[in-house]
Amino acid sequence: MRHVLTTGLVRGLVGQAVGFALGVYTARAWGATDWRADGPLAWAAVLSVLGFMLASGMVSDWLGWLAGNFAPPRHGAPPGKPRWWRYWSVDYDHKVIGIQYGVTALVLVGLAGSVALIFRSELSKPGIDFLEPAVFNTLIGWHGIVMIAGILTGVAAMANYLVPLMVGARDMAFPRLNAFAYWINVPGVVLVVLALFLRWETGWTGYPPLGVQTMPGAIPFYLGVFVIGFSSILGAVNILATAFGMRAQGMTLFRMPIFVWSMVATSIIALTATQLIGLSFVLVVLERVFGMTFFSPTLTESAQALGSPPGQPLLFQHLFWFYSHPAVYVFILPGLGIISELLPVFARKPLFGYKWVAMASLAIALVGFLVWGHHMFTSGMSDIMRVTMMWTTLLVAVPTGVKFFNWLGTMWGGKLTFPTPMLFVLGALSIFLIGGLSGPPNGTVSTDLFLHDTYWIVGHFHATMFGGFVYPYIAAIYYWYPKVTGRMYNETLGKIHFWLMTPAFWTMSLGQMLAGLWGMRRRIVDYDPALGVAGLQTAVTIAAHVIFLSMLIFAFNLVWSAFRGKVAAANPWRSRSPEFQVPSPVPDENYPAPVVVVSEPYEYGGPEPYVVFAHGPAAADD
Amino acid sequence: MAVLHSVHEHDLPYARRERVNRWGLWLFLISESFMFAGLLAARFYLWGGTRPPLDQTLGLLLTSILLVSSFFMNRAEVAIAHDDRPEFLRSAMLTVVLGTAFLVGVVGWEWGLFLPDGPHLRPTDGAFGAVVYGLTGFHAFHVLTGVLAILAVWHLGRRGHFSARQHWGVEAVAVYWHFVDLVWVFFYPALYLIGQVVAAGH
Chain A
291 MRHVLTTGLV
301 RGLVGQAVGF
311 ALGVYTARAW
321 GATDWRADGP
331 LAWAAVLSVL
341 GFMLASGMVS
351 DWLGWLAGNF
361 APPRHGAPPG
371 KPRWWRYWSV
381 DYDHKVIGIQ
391 YGVTALVLVG
401 LAGSVALIFR
411 SELSKPGIDF
421 LEPAVFNTLI
431 GWHGIVMIAG
441 ILTGVAAMAN
451 YLVPLMVGAR
461 DMAFPRLNAF
471 AYWINVPGVV
481 LVVLALFLRW
491 ETGWTGYPPL
501 GVQTMPGAIP
511 FYLGVFVIGF
521 SSILGAVNIL
531 ATAFGMRAQG
541 MTLFRMPIFV
551 WSMVATSIIA
561 LTATQLIGLS
571 FVLVVLERVF
581 GMTFFSPTLT
591 ESAQALGSPP
601 GQPLLFQHLF
611 WFYSHPAVYV
621 FILPGLGIIS
631 ELLPVFARKP
641 LFGYKWVAMA
651 SLAIALVGFL
661 VWGHHMFTSG
671 MSDIMRVTMM
681 WTTLLVAVPT
691 GVKFFNWLGT
701 MWGGKLTFPT
711 PMLFVLGALS
721 IFLIGGLSGP
731 PNGTVSTDLF
741 LHDTYWIVGH
751 FHATMFGGFV
761 YPYIAAIYYW
771 YPKVTGRMYN
781 ETLGKIHFWL
791 MTPAFWTMSL
801 GQMLAGLWGM
811 RRRIVDYDPA
821 LGVAGLQTAV
831 TIAAHVIFLS
841 MLIFAFNLVW
851 SAFRGKVAAA
861 NPWRSRSPEF
871 QVPSPVPDEN
881 YPAPVVVVSE
891 PYEYGGPEPY
901 VVFAHGPAAA
911 DD
Chain B
4 MAVLHSVHEH
14 DLPYARRERV
24 NRWGLWLFLI
34 SESFMFAGLL
44 AARFYLWGGT
54 RPPLDQTLGL
64 LLTSILLVSS
74 FFMNRAEVAI
84 AHDDRPEFLR
94 SAMLTVVLGT
104 AFLVGVVGWE
114 WGLFLPDGPH
124 LRPTDGAFGA
134 VVYGLTGFHA
144 FHVLTGVLAI
154 LAVWHLGRRG
164 HFSARQHWGV
174 EAVAVYWHFV
184 DLVWVFFYPA
194 LYLIGQVVAA
204 GH
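Taken in order, these protein sequences are the chains called A and B.
With the working numbering applied, the first sequence corresponds to residues 291 to 912, in that order.
With the working numbering applied, the second sequence corresponds to residues 4 to 205, in that order.
Quick caveat, the hints were computed from the structure, so don't treat them as lab data.
Small disclaimer: the values here were computed from a predicted structure and weren't measured.
Backbone N, C-alpha and C define an ideal beta-carbon position, used for all residues, glycine too.
One should not assume that every hint holds.
Claimed, not checked - Computed beta-carbon distance windows for the label pairs:
{"id": "1", "chain 1": "B", "residue 1": "Asp-87", "chain 2": "A", "residue 2": "Ala-327", "range": "48 to 56 Å"}
{"id": "2", "chain 1": "A", "residue 1": "Gly-670", "chain 2": "B", "residue 2": "Arg-93", "range": "55 to 63 Å"}
{"id": "3", "chain 1": "B", "residue 1": "Asp-58", "chain 2": "A", "residue 2": "Ala-595", "range": "17 to 25 Å"}
{"id": "4", "chain 1": "A", "residue 1": "Arg-373", "chain 2": "B", "residue 2": "Arg-162", "range": "32 to 40 Å"}
{"id": "5", "chain 1": "B", "residue 1": "Pro-192", "chain 2": "A", "residue 2": "Ile-408", "range": "31 to 39 Å"}
{"id": "6", "chain 1": "A", "residue 1": "Ala-595", "chain 2": "B", "residue 2": "Glu-90", "range": "47 to 55 Å"}
Generate the whole structure from the sequences, applying the supplied hints.
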């Protein structure tokens with residue numbers, strides 16, 4: 291108990307509560323009457339985040355620098371604490387941070403999924419049964435944004451655990467910054483949870499003018515997302531600096547494991563585009579708190595007297611989608627990287643067209659910057675923008691197609707085996723294919739005018755997210771589970787998980803698309819029975835519950851196997867990747883000696899290993 | 004974050020550490036430039052070819068102060084690169100003074116805190132007010148963090164840290180300071196010079 295209270299998490303949460311209370315108290319002292327008014331709430335939210343970071347001990351080292359104390363970051367387990375303690379506290383080891391991210395991601399996805407089941411049940415038949423519209427609207431927005439937070443932390447989990455190992459480094463380029471980027475998420479998520487209770491009705495996109503007018507929950511929603519985005523940016527700095535500055539001897543750019551390439555592409559987006567969602571959300575907060583009309587198309591009398599132009603709602607959509615479209619590539623590129631990483635292992639063949647796969651990731655990332663307008667085809671954008679954005683959008687299919695054919699080429703004639711991670715990789719391919727093929731109708735202006743804001747979009751989006759992130763993430767967890775925990779997961783439970791989840795997901799996604807084609811609108815609590823979609827909605831609801839059930843089996847498998855699973859070998863998959871050449875779980879220092887790359891990463895069946903460990907100045911053969 | 008990475012950091016050799024730190028700093032600045040570009044985009048989207056009447060003398064004065072401060076920041080960095088500690092401390096402190104003068108100018112006059120009748124343009128005054136206060140506010144916040152960072156390296160330098168061979172902290176702060184100045188080089192014309200002044204309606 292004594293140890294629980296000293297964890298960074300508990301201290302941070304107490305600090306956050308104190309910070310929030312201090313904000314409310316000072317606002318009262320300055321004459322505010324209701325703490326839920328925009329000004330006091332924003333002030334308290336900002337102080338609460340500072341309170342968390344100070345109390346968790348995250349910034350202590352940096353404050354120490356001001357006193358001239360430049361001790362190197364602490365490595366290894368903290369003395370005098372039980373083994374679990376470091377996982378709940380500030381720790382600078384990238385593997386610990388990777389696990390922290392990974393568990394956080396599963397918790398967030400689980401919470402957002404549970405919320406989805408609530409409003410999914412409401413939608414299973416026409417009529418409003420048990421959710422008031424305001425609560426329904428809050429829940430769909432919460433589902434969306436918490437899933438996004440969960441996916442971002444899941445991506446960061448893979449990046450933090452794997453990138454330093456794969457480039458043969460001992461840690462990330464900036465270990466403290468790495469921990470900071472993880473911990474800042476926690477107060478951000480707490481704010482988003484607060485938003486759930488204070489309610490806001492814009493959905494996850496937060497469009498003004500409604501975003502300016504809706505309930506007070508909007509303030510913690512915007513600020514919480516801003517903080518989570520900050521984490522994303524700092525994480526991207528770290529990953530790029532690690533990939534470019536920390537690679538092992540002999541690891542040229544085209545000898546990097548392909549997952550590192552996909553994280554480079556991902557990080558380029560996260561580094562730059564994230565600023566714009568952060569900016570757009572802060573501007574809405576400024577509009578709410580100080581009345582700075584960036585987005586509301588209204589003018590005060592004195593503004594009219596000055597001859598000022600009004601705010602523009604469409605400006606928000608441009609800023610917002612400049613991030614939020616590329617963001618979906620932040621979600622899927624790491625997943626596609628996992629697919630490219632795992633297929634050669636389970637096909638026992640080199641990755642087909644390595645350079646093309648690497649460049650396709652970069653191409654998706656770069657083209658992704660030029661397509662944001664396809665979310666605004668019905669928003670009143672000019673025709674020139676609409677047609678341009680249509681062409682660039684359809685262009686994304688080219689590098690994505692390159693990846694698909696390279697995956698097929700990798701499997702072609704391979705000696706395929708089908709353990710659980712491979713099943714999830716193949717499941718990802720099948721689902722990402724439906725997600726991808728249902729995309730062009732939305733990317734084309736003429737058809738999108740009919741499909742926009744229907745369940746077709748919901749079906750398409752969930753297929754891309756499940757195929758591009760959820761399935762590969764699950765595959766990655768099963769695949770690296772022995773490396774992370776030192777124990778094997780239960781294969782039978784893994785297969786049950788897959789065979790429950792996949793048909794259920796197909797039902798859900800195709801059911802949603804069909805309901806959309808029949809005229810079912812999204813983000814709406816009730817619908818007309820005459821649409822004839824009630825049967826589909828029921829089927830989709832049942833499928834969603836089956837997916838949730840399969841995820842419970844997954845969670846059980848992870849927890850149970852961590853204690854009771856079979857002890858894993860160092861290299862259960864006969865992988866060539868550097869992290870599989872050391873014992874499981876990976877030792878504290880990662881590698882016994884500097885890593886030296888001596889051949890290609892995916893030459894399965896080739897005579898040479900990918901890496902050797904240099905003992906002393908010259909590389910030894912072992 | 005990456006700004007203050009020190010002499011004894013981690014277990015990499017100093018030269019390699021410095022190279023990695025440089026990656027981190029410049030990547031962060033690229034990231035920041037997207038945020039400032041977004042603000043500029045907002046200005047052109049909302050104002051188009053118009054602009055509000057702003058105090059031109061004040062704008063020119065603020066711009067000059069900030070540009071001169073960059074000169075002294077560079078002088079501070081060169082001084083520490085030649086182990087000239089007194090000159091480093093003097094120039095760094097001058098930069099702090101000039102940066103603070105800039106901040107006082109923005110908050111006191113541009114935002115009208117020191118004006119008896121309050122500002123001519125208020126934050127609530129349509130897109131004019133929103134953009135002027137938004138752009139100067141985001142920029143002033145960065146100037147403030149820059150001033151604090153310079154104070155931090157000044158403080159450490161006074162206690163004997165940094166040398167000709169090892170002064171990454173000073174380099175990082177200097178680069179950041181120049182970056183914040185460079186942002187103003189774009190913001191100043193966008194707010195004060197480009198577009199037709201809209202005549203007040205009364």
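Hints versus structure:
| no. | hint | result |
| --- | --- | --- |
| 1 | B:Asp-87 x A:Ala-327: 48 to 56 Å | holds (54 Å) |
| 2 | A:Gly-670 x B:Arg-93: 55 to 63 Å | holds (57 Å) |
| 3 | B:Asp-58 x A:Ala-595: 17 to 25 Å | holds (18 Å) |
| 4 | A:Arg-373 x B:Arg-162: 32 to 40 Å | holds (39 Å) |
| 5 | B:Pro-192 x A:Ile-408: 31 to 39 Å | violated (52 Å) |
| 6 | A:Ala-595 x B:Glu-90: 47 to 55 Å | holds (52 Å) |
In terms of the numbered hints stated before, the structure departs from hint 5 and from no other.
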